[in-house]
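Enquirer: In order, the protein sequence lines correspond to chains A and B. Under UniProt numbering, think of the first position of the first sequence as 1, with each following residue one higher. Under UniProt numbering, think of the first position of the second sequence as 1, with each following residue one higher.
Hints were generated in silico from the structure; no laboratory data involved. Zero decoy hints are in this set.
Here are the simulated BS3-like cross-link-like pairs (lysine-lysine), alpha carbons at most 27 Å apart as the crow flies:
1) K213/A x K153/A
2) K231/B x K165/A
3) K153/A x K293/B
The structure displayed is predicted, hence computed values, not measured ones.
Okay, here's what each chain looks like letter by letter:
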Amino acid sequence: MKLLLIEDEKALATSIQNYFQRENFVCEWAPDYGTAMEKIHVYEYDCVLVDLMLPDGDGLQAVRELKRKSPETGIIIISAKNSLDDRIVGLNLGSDDYLTKPFHLSELNARVQAVIRRRNFQGNQQIGFGKIHIDPQEHSVAVDGYEIILTRKEYDLLVYLIANKNRVLTKESIAEHLWGDDADLMDNFDFIYTHIKNLRKKLMDKGCPDYLKSIYGVGYKFSEQ
Amino acid sequence: MNLLERIFRYQIVASLVILLLGAGLFFLSVRYLIDEEVNKELLRSKVKVSWQLRHIDTLPVYILQLGDSLQLQPVRYPGKMIAVERRMYNANERQYHPYRQLIFYEQVEGQWYRVILSKLLDQRQQLMKAVVMTVTFIVALLLVSMLMLNSWLSERLWRPFYRTLNALDKYQLEKHEVLEFSRTRTTEFTQLNQTLTQFTERLAASYQNLKEFTENASHEIQTPLAVILSKIEGMIQDETLSESQLVSLSEVSEAANRLSRLNQALLLLTKIENRQFLAGTEPVNLTPIIHRKLRDLEDLIEQRNITVSTKLEPVGPVMHQALAEILVNNLLTNAIRYNVEDGKIEIQLTPGKLTVCNTGRPIQGDPELLFERFRKESTHSASLGLGLALAKTICQVNGQTLTYRVQDEWHMLTVTW
Chain A
1 MKLLLIEDEK
11 ALATSIQNYF
21 QRENFVCEWA
31 PDYGTAMEKI
41 HVYEYDCVLV
51 DLMLPDGDGL
61 QAVRELKRKS
71 PETGIIIISA
81 KNSLDDRIVG
91 LNLGSDDYLT
101 KPFHLSELNA
111 RVQAVIRRRN
121 FQGNQQIGFG
131 KIHIDPQEHS
141 VAVDGYEIIL
151 TRKEYDLLVY
161 LIANKNRVLT
171 KESIAEHLWG
181 DDADLMDNFD
191 FIYTHIKNLR
201 KKLMDKGCPD
211 YLKSIYGVGY
221 KFSEQ
Chain B
1 MNLLERIFRY
11 QIVASLVILL
21 LGAGLFFLSV
31 RYLIDEEVNK
41 ELLRSKVKVS
51 WQLRHIDTLP
61 VYILQLGDSL
71 QLQPVRYPGK
81 MIAVERRMYN
91 ANERQYHPYR
101 QLIFYEQVEG
111 QWYRVILSKL
121 LDQRQQLMKA
131 VVMTVTFIVA
141 LLLVSMLMLN
151 SWLSERLWRP
161 FYRTLNALDK
171 YQLEKHEVLE
181 FSRTRTTEFT
191 QLNQTLTQFT
201 ERLAASYQNL
211 KEFTENASHE
221 IQTPLAVILS
231 KIEGMIQDET
241 LSESQLVSLS
251 EVSEAANRLS
261 RLNQALLLLT
271 KIENRQFLAG
281 TEPVNLTPII
291 HRKLRDLEDL
301 IEQRNITVST
311 KLEPVGPVMH
321 QALAEILVNN
331 LLTNAIRYNV
341 EDGKIEIQLT
351 PGKLTVCNTG
361 RPIQGDPELL
371 FERFRKESTH
381 SASLGLGLAL
391 AKTICQVNGQ
401 TLTYRVQDEW
411 HMLTVTW
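Bound conformation, chain A alone (with noise of 0.2 Å):
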């Protein structure tokens, strides 16, 4: 998978391109809306995030120029401003989603692997981890082709962590996911726990290995060892 990351912050650049190496995707920064445009000529993407303000032009302009140029390339706006006017315009250019800054970079990770799904495989493509399979078109889990019923805020999460996966989530970051900007009343973590451990135990139940580690004082990591 390609990305293209167009931003003027170094350090913010600089972290997400990591984030995304990790994962083994090729993520490309551009700093500017020249090397932006570029690139964009150049090469084919499967998903660029759009920083809106640039140093030397509007990022929606990279946006009308992208969809114009491939209209098949997710695109993910990330910006600071979060009023709902710039929300509205970008979305309405064709943008796939909006994340306002700052963001988790593993809910990046998350929007963009989603984005990535819905464009290259309408949504079909199989989530898996072990032996764990997601339909996400149908919304349905199954370990070892047994079906398990979820909750809605259970399937989510583990959507969340799988996409995530070998990695670790901080509490903050689970909770912005699932509650979004409900996630004000993260005075207490005490319902991330609840889910935490509904999800594990029907996961268990079905004859799954405990993949959920908790990590003392910051959240969880996903992962098969």
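Dock chain B against chain A, hints included.
Expert: Only chain B this time, still in chain A's reference frame:
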């Protein structure tokens, strides 16, 4: 009362006063003139009568004038000459008629007589009435036509003013409009319109500036925060880190997250205060919003074993949909956050009123103080302390009121509209 109505009223009052005063003055002056004239005639008659009386022995006495009368009464002493007006009874017509009399004294052959010359005023008074009424009528007609002309003219001349007023009434800063007006021939209105156009230009510009400033400020703060968070997230993946280092990192991450949420909440508060959210003209139905939020929050409600009871009618205040969501969200999360284990929440939505009651610990001091920014009960240090301030601001800008009452263990937040 509008301007034209007021002008019209003053004009009517002024006209009536002028009309009454004028008619009165005219009546008095005409009467004075007539009296003068009658007096002169009487004096002329007096000269004739005196002459005749003095030569009574040599001349025949004849009637002075038709309708006039002459009375002679012998008296012992002469008096002063006076002129009076008097009504006298006419036996033939059986009614009173006004007369003007001149009373004087004359000596005839050694005997004093009181001579009373009377002059009928009937015809003159009728003439006077006719003249006064005609003139009054003409003046009244003139005044009424002036009034009508005036009000018609005012309405015509003030029309640009009302157009301007109407445009101002509909003016919405959030639309970044600059008011433009059609040309008028009245200098003052042209001036007014020009001033208003310039004014709204400046207003739109500073509003745009302010909006850009808040957004840029948000950008400037959110970007470094994004860098901090992304670096922490990268470092957390490092398996060689010790447990205490991980805990420290997690604490840094939590603080950065909090800072970001705080920044977003403050920005939202500023945006609401700047009235960047246009209010709708239709009431928002709060019932589906409340149901949706309760569903979103059900984990928290279940986890704390809170019982929720609702009594909802499909009504709500007129406000921006997004603000209604934030308002409901903040009221509900507040009711959950400050609730006790196994507590209760009661939500009632009736026309003009939304009440969210929750059980909770009693608080010290005035509950209304909790609406202030960063005011919170110390036991919940992790909360931002902006939730109720946001709710209050939303209500304020939309003309609703939010009140906080505490009764025993019940906390009651009420929105009325």
